[in-house]
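Since chain A is already given, all that's left is putting chain B on it; use the hints.
So the sequence lines, in the order shown, correspond to chains A and B. Mapping of the first sequence onto the numbering used here: position 100 corresponds to residue 100, and the numbering continues sequentially without gaps. Mapping of the second sequence onto the numbering used here: position 165 corresponds to residue 419, and the numbering continues sequentially without gaps.
Certain hints may be false.
[What the hints assert, rightly or not] A few chain B residues that face chain A, going by a derived Cβ cut-off under 7 Å, partial list only:
no.: 1; residue: R381
no.: 2; residue: I484
no.: 3; residue: N492
no.: 4; residue: V507
[Stated by the list, open to error] Beyond 12 Å from chain B on every Cβ pair, some chain A residues (computed):
no.: 5; residue: M1
no.: 6; residue: G56
no.: 7; residue: E100
no.: 8; residue: K109
no.: 9; residue: D168
no.: 10; residue: E198
Simulated from the structure, these hints should not be mistaken for laboratory data. Ideal Cβ placement from N, Cα and C applies to all residues, glycine included.
Protein chains: 2
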Amino acid sequence: MKRIESVKNSFVKKMKQLYQRKHREKEGLFLAEGFHLVEEAFNANIRIDQFIVQEGTNLPSRIPFSGFELTIVSKEVMKELSSTETPQGIIAVCHLPEEEKITIEKGKKYLLVDGVQDPGNVGTLIRTADAVGLQAVLLGSGTVDPYNEKVIRASQGSLFHLPVIKGDIGEWMKTLQAKGIPIFGTAIEKGTSYTAIERQKEFALIVGNEGRGVNKEWLNKSDQIIYVPIYGNAESLNVSVATGILLYHLNDVR
Amino acid sequence: MKRIESVKNSFVKKMKQLYQRKHREKEGLFLAEGFHLVEEAFNANIRIDQFIVQEGTNLPSRIPFSGFELTIVSKEVMKELSSTETPQGIIAVCHLPEEEKITIEKGKKYLLVDGVQDPGNVGTLIRTADAVGLQAVLLGSGTVDPYNEKVIRASQGSLFHLPVIKGDIGEWMKTLQAKGIPIFGTAIEKGTSYTAIERQKEFALIVGNEGRGVNKEWLNKSDQIIYVPIYGNAESLNVSVATGILLYHLNDVR
Numbered sequence: 001m002k003r004i005e006s007v008k009n010s011f012v013k014k015m016k017q018l019y020q021r022k023h024r025e026k027e028g029l030f031l032a033e034g035f036h037l038v039e040e041a042f043n044a045n046i047r048i049d050q051f052i053v054q055e056g057t058n059l060p061s062r063i064p065f066s067g068f069e070l071t072i073v074s075k076e077v078m079k080e081l082s083s084t085e086t087p088q089g090i091i092a093v094c095h096l097p098e099e100e101k102i103t104i105e106k107g108k109k110y111l112l113v114d115g116v117q118d119p120g121n122v123g124t125l126i127r128t129a130d131a132v133g134l135q136a137v138l139l140g141s142g143t144v145d146p147y148n149e150k151v152i153r154a155s156q157g158s159l160f161h162l163p164v165i166k167g168d169i170g171e172w173m174k175t176l177q178a179k180g181i182p183i184f185g186t187a188i189e190k191g192t193s194y195t196a197i198e199r200q201k202e203f204a205l206i207v208g209n210e211g212r213g214v215n216k217e218w219l220n221k222s223d224q225i226i227y228v229p230i231y232g233n234a235e236s237l238n239v240s241v242a243t244g245i246l247l248y249h250l251n252d253v254r
Numbered sequence: 255m256k257r258i259e260s261v262k263n264s265f266v267k268k269m270k271q272l273y274q275r276k277h278r279e280k281e282g283l284f285l286a287e288g289f290h291l292v293e294e295a296f297n298a299n300i301r302i303d304q305f306i307v308q309e310g311t312n313l314p315s316r317i318p319f320s321g322f323e324l325t326i327v328s329k330e331v332m333k334e335l336s337s338t339e340t341p342q343g344i345i346a347v348c349h350l351p352e353e354e355k356i357t358i359e360k361g362k363k364y365l366l367v368d369g370v371q372d373p374g375n376v377g378t379l380i381r382t383a384d385a386v387g388l389q390a391v392l393l394g395s396g397t398v399d400p401y402n403e404k405v406i407r408a409s410q411g412s413l414f415h416l417p418v419i420k421g422d423i424g425e426w427m428k429t430l431q432a433k434g435i436p437i438f439g440t441a442i443e444k445g446t447s448y449t450a451i452e453r454q455k456e457f458a459l460i461v462g463n464e465g466r467g468v469n470k471e472w473l474n475k476s477d478q479i480i481y482v483p484i485y486g487n488a489e490s491l492n493v494s495v496a497t498g499i500l501l502y503h504l505n506d507v508r
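This is chain A alone, in the form it adopts within the complex (with noise of 0.2 Å):
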């Protein structure tokens, strides 16, 4: 157990940089701060090296803290380490997952991220996805890296639930389509209202950038294109708001 109470030591200055992805990657590091995320990440099994305790913070019992490192830290220096505005007093610092290679089943559900920066949004999806039982999230290029501390906060421990993967969105569609699980491309244009779609016992579906939308390339492979319609006066929906609304009316569940 160690104890740091200078914002200027190297170790925090260390953690500091892995909020950034080339820091994370280099490292194999990543954060997850806070009581809810420290024990989602230690009940999936997610490897840490060590937790980054505030004095006086009170630990949960459910998790065996004197098996792990500690370093201890003053309020200042968690101030400065957490990336909330009110810190818990917890953070843990967990080891980067090797790269997961699944495999695409029939009779499953997925769910395909193309070029989504923003975080809160696509730790959103990655939370919808895991509560509508998805089988796996793939991340297209151009979508923010899943271990950004805000992704991980949105999800809300659901990045630690089920995989969720960097890769080739062209890649994903090949092996689906050559499985026979359909897959719905989501756009206004050329697109049918959802309402008129069965649910489906395996699907995946394409969600894009809400300013952008899905790449053309991958809606033209897609086998239909789906949109939710809009009744009032909004001009579209929030990416995780449609993608919700979607994902609860494909998904057979009976």
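Here is chain B on its own, set in the frame of chain A:
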């Protein structure tokens, strides 16, 4: 037309205070930033006090700027005034609308928001209510002010499309029930899955804070309590996502 080049100018200080609710209410003003929101405010006949424009910004021809007071500011001043990391160079200083009194009508649909603090969620709720074509949104006590800059941004202009009213949820419920409009509270406990609920020609939906949920008193007085089932491992859905699913399900557009 005046020019301001110093961030220490008293005008800059006064404008920045509008990021606080108490100053918005004292001055009767709020800020709408960026081309899209400025245009939405203009189109919605929001009374515009003046525009603040960064020097060199290309003004869209769709707004007759010549009819308004313009304050031209340096890049540094705009950066100081802006609530975004990459300012678009335009802010409309708008008058807060008069307190709207709306009459609750048979055959219409309403969203009641109980104690939701997160401005991004409240903005997204307003945007979704607008997309569904609801009649009005009521923000009960404990809910963030709709003229908070993050609410305005997340609402994507929908705040200017339909009445968004601060009020007392208990009072609204009395009026809704006197008119025979069914009220759906949201909670997992004692709730019915939304999938078992018919589409509705008129309704009010009450949604609450993600942590605390909807006030028990309002739940007890609701005609029915509904929820969105979780099929996977997430503990819950984001409130905006759950609300989107419920509103699109309940909304009978036939």
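Each hint, compared with the structure:
A distance limit of 7 Å between C-beta atoms decides the matter here; for R381 (chain B) the minimum to chain A is near 5 Å, and the interface restraint holds. Interface hint status for I484 (chain B): upheld, as the beta-carbon distance to the closest one in chain A is roughly 5 Å, under 7 Å. With its C-beta approaching chain A no nearer than about 5 Å, N492 (chain B) sits inside the 7 Å limit, and its interface hint holds. Because the beta carbon of V507 (chain B) sits about 6 Å from the nearest beta carbon in chain A, less than 7 Å, this interface hint is met.
Listed as a non-interface residue, M1 (chain A) keeps its Cβ farther than 12 Å from every Cβ of chain B; the least gap is roughly 32 Å. With a minimum CB-CB distance of about 24 Å to chain B, G56 (chain A) clears the 12 Å threshold, and the non-interface call stands. Distance to chain B confirms E100 (chain A) as a non-interface residue, since its nearest Cβ pair spans about 16 Å, more than 12 Å. Its closest Cβ contact with chain B, about 10 Å, brings K109 (chain A) to no more than 12 Å, contrary to its assignment away from the interface.
Distance to chain B confirms D168 (chain A) as a non-interface residue, since its nearest Cβ pair spans about 25 Å, more than 12 Å. Residue placement check: E198 (chain A) keeps its beta carbon more than 12 Å from all beta carbons of chain B (closest about 15 Å).
In summary, the one numbered hint that this structure violates is 8.
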